[in-house]
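Please work from the sequences and hints to get the whole structure.
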Amino acid sequence: MISRKTITVFLSLLFVFTRVQLLPAQPQQDEQQTSVLIEIQLPVQNNNLGAITRALDIAVENAAKAARENQRPWLLIRFLPASRDNRITSDFGACNALESYLSSPSLTRRCRTAAILNGHYADHAILSALACSKLIVSSETTISGPESDTTLLTPEIKDDYRRVTEAHKHLPASVIEAVLDPMISLHEVTTNERTFYVTGAEQQKLREQGELNSSTAIAISGDALILKKSIFARQSGISIIPTNDTTLATELNIAPTRFLKSSGPIGKIHAVVIDMAQLEGLSRIRDKQTLINNLANDHNLLIFQFQNDGAHADELINLANTIADLHYEEIKTVAFVKNHARGAAGILALACDEIYLGSDGSIGGFGNSDEMGELTFEIRETLTALEQTTNREWSLFYRCLDPTIEMHVYTQAMTGESRAFCAQQIMSLDDKDQWIRGASLNDRRHFGAENLQQLGHLQGIADDLPSVLENYNLKLSDVEIKSTTGLSGFLNEIADSNWFLWATLTMAIYGLMAELASPGLGFPGLLSMLGFGLHIWARHLNGTVDALEIILIIIGVICIGVELFVTPGFGLFGIGGVCSLIIGLILAAQSFSFPTNPFQRQQIANSILGIVGTVIGSIILYQMTIRLLGDSWIGRMIAPENSNAVTAKQTNWNEAMVHWEHLVGQTGQTTTRLSPAGKVQLGSKVYDVLSDGEMINSNITVEVIEVTGNRIVVSKSS
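Heads up: the sequence shown begins at 134 in this note's numbering, then just goes up one per residue.
Any given hint could be a false lead.
What the hints assert, rightly or not - As a list, the in silico PhoX-like pairs of lysine-lysine whose alpha-carbon atoms are at most 25 Å apart:
id, residue 1, residue 2
1, Lys267, Lys291
2, Lys818, Lys849
3, Lys302, Lys361
4, Lys302, Lys291
5, Lys471, Lys362
6, Lys302, Lys338
7, Lys302, Lys471
8, Lys608, Lys565
9, Lys267, Lys362
10, Lys394, Lys361
11, Lys608, Lys394
12, Lys291, Lys338
13, Lys362, Lys198
14, Lys198, Lys267
15, Lys362, Lys291
16, Lys267, Lys394
17, Lys471, Lys394
18, Lys361, Lys291
Treat the hints as calculated values from the structure; they're not laboratory data.
Values in this document were obtained by computation on a predicted structure and should not be read as measured data.
Set out below in structure tokens:
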């Protein structure tokens, strides 16, 4: 028989088991979180407080939509410090109102807040930062008193600081008191129970009570206290980590695709637009790098406007690192690609914090960039560094360098996160077995708006620059558009303009044609040499001329010169020179020697059409010059008439390098066989001659019948 005690135990266990089953499932501790990052540019004042709170509300709403069910997202607030020479600081009243907003139940019920500090802060915005549930600082962060005139710190202001400090406990109240008022000393004391910070008055009280074991002065009365890493490190409520997006995501366990960002820094925005359309030449890329570094000193929002085909992959990767590293300087970067950023130029767009595409915009794909070949260790390390800075998988950057690689969208089985990987990257992941391969990204070799939106890398779609600026409460009249720097930039602008390139080529071909039509080195020849020189200079600045192109063009000009001055007529030297010149000009029009993809094949076709069109245009221009200006002094200078037989004969005589007309009618003896070229002794000298077509043996008497320049024609003497 079952005892009453056994039944009681059984029923108790059943009750407990039932209760456990009915309890809601607890979320996994390692479930990845959702966050939205918003940047507030100091100072905070009454005139921008409304914009700040509205932006925070919108950011929280967006994060809540992206978050999983029953999950409170993180609201990450990055306070961007004002420059040290900026004498305007935050208004205490505005910062106090912002603190009340951040502490309000209406906000804390919807999200968790984290303040991010990186730099030097001597500002009342620290009050707002202390109101957040988490405080994250970099190792370089310092905090000092917000008022140089401490008489402005009323008892009410000090009470508010103490209230917020004691409520959130990121820092001891004594530390904040010493920061606010340099006349208050700060000490680190040890009692029987613990080690902590106290003011001078509190230290004296402990001493009188006999509880003080030891004391170390941190700041004496009269010295301003600056909080730094040594003090932050002793506070359990403060995290000291690099404040870049990647580290923040790791620290707070945030999924990369659910790491949302606000449109731009709130507060005083110093924005500039940088035109990135001209990046074909090495000098142009380096000029752009200098421009970016200069503008970063005075601006906190850089908007890059792209429209280029990519070239010089190595240099563009270095430029991408420059753009990505601006993030560490608390400068927001935005890419606007209305149409395309092809090839390695796509890396520059992906290196920006935020990306806007036109409705038909694309990033990557076939362009003018050099072929990278196989993925080397050095390239992979470089792309991995970009991934860590931008929080974008390095496969995206690699696809811009090599559009032929296969890529797929992968979904993380545990978190539902979607990312794009090539085969090399997915195989390198420690948790590769947890990623499920999905849709292919190989139908098109570039990334469109749909692809980037699916992967969480697209901020929005904008059809023009004003539409992008609206997201930052800016108008076109509020920003400058920069493209180059100084004289170097001006020369690059000239060299890159189509009108200059085709004008110099037209001048070169026109002069060459005029010189061919009227042999003799005159004004047309000088005009042609000047045109070729300027054209090569411009192409060199654009980065499309290397040693091969220069050699081909020089060989072409030399061969044509030989045909003009040494071997009159139009033979081997003339044909070879023209071919060499045309090939050199075609290769000089693009950054590659042989096309390796559809885009490059189209480019070389366009180059050929452009050169053919220029030649035809030069012929038409030459004929029009003769017809319209032939009788004027200008026409005679730039298009010399050579139809008059007497004039032509005189010109031929003037241009000849030797004058052997006196040999006509003389007789001599062949010293070699003429077949038809050979040698003949005329008087005491031996000359190179041509027979009139008949083969003539040696030791035969011949007569000179024609002399043209250095060309001597002979026939058998009758």
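With the threshold set at 25 Å, check whether the alpha-carbon distance from Lys291 to Lys338 stays at or below it. It holds: about 21 Å lies between the C-alpha atoms, which stays within 25 Å.
Run the distance test for Lys818 versus Lys849: straight-line Cα separation, threshold 25 Å. 19 Å, holds
Distance restraint between Lys362 and Lys291, which requires alpha-carbon spacing of 25 Å or less: 24 Å, holds
Pair hint Lys361 and Lys291, alpha-carbon separation not exceeding 25 Å: 21 Å, holds
Pairwise hint evaluation, Lys361 against Lys394, where the allowed Cα distance is 25 Å at most: 28 Å, violated
Do the alpha carbons of Lys302 and Lys291 lie within 25 Å of each other, as the hint requires? 16 Å, holds
Given the hinted pair Lys267 and Lys291, is their Cα-Cα distance within 25 Å? 22 Å, holds
Taking 25 Å as the top limit, are the C-alpha atoms of Lys362 and Lys198 close enough? Outside the cut-off at roughly 37 Å; violated.
So if I understand the rule, the pair passes when the alpha-carbon distance is 25 Å or less; does Lys302 with Lys361 pass? Holds, at roughly 17 Å.
Pair hint Lys198 and Lys267, alpha-carbon separation not exceeding 25 Å: Answer holds: Lys198 to Lys267 is near 22 Å, not above 25 Å.
Lys302 paired with Lys338 [C-alpha distance capped at 25 Å]: 22 Å, holds
Is the hinted pair Lys608 and Lys565 satisfied, with a Cα-Cα distance of at most 25 Å? 46 Å, violated
Hints 5, 7, 8, 10, 13 from the earlier list are contradicted by this structure; the remaining hints agree with it.
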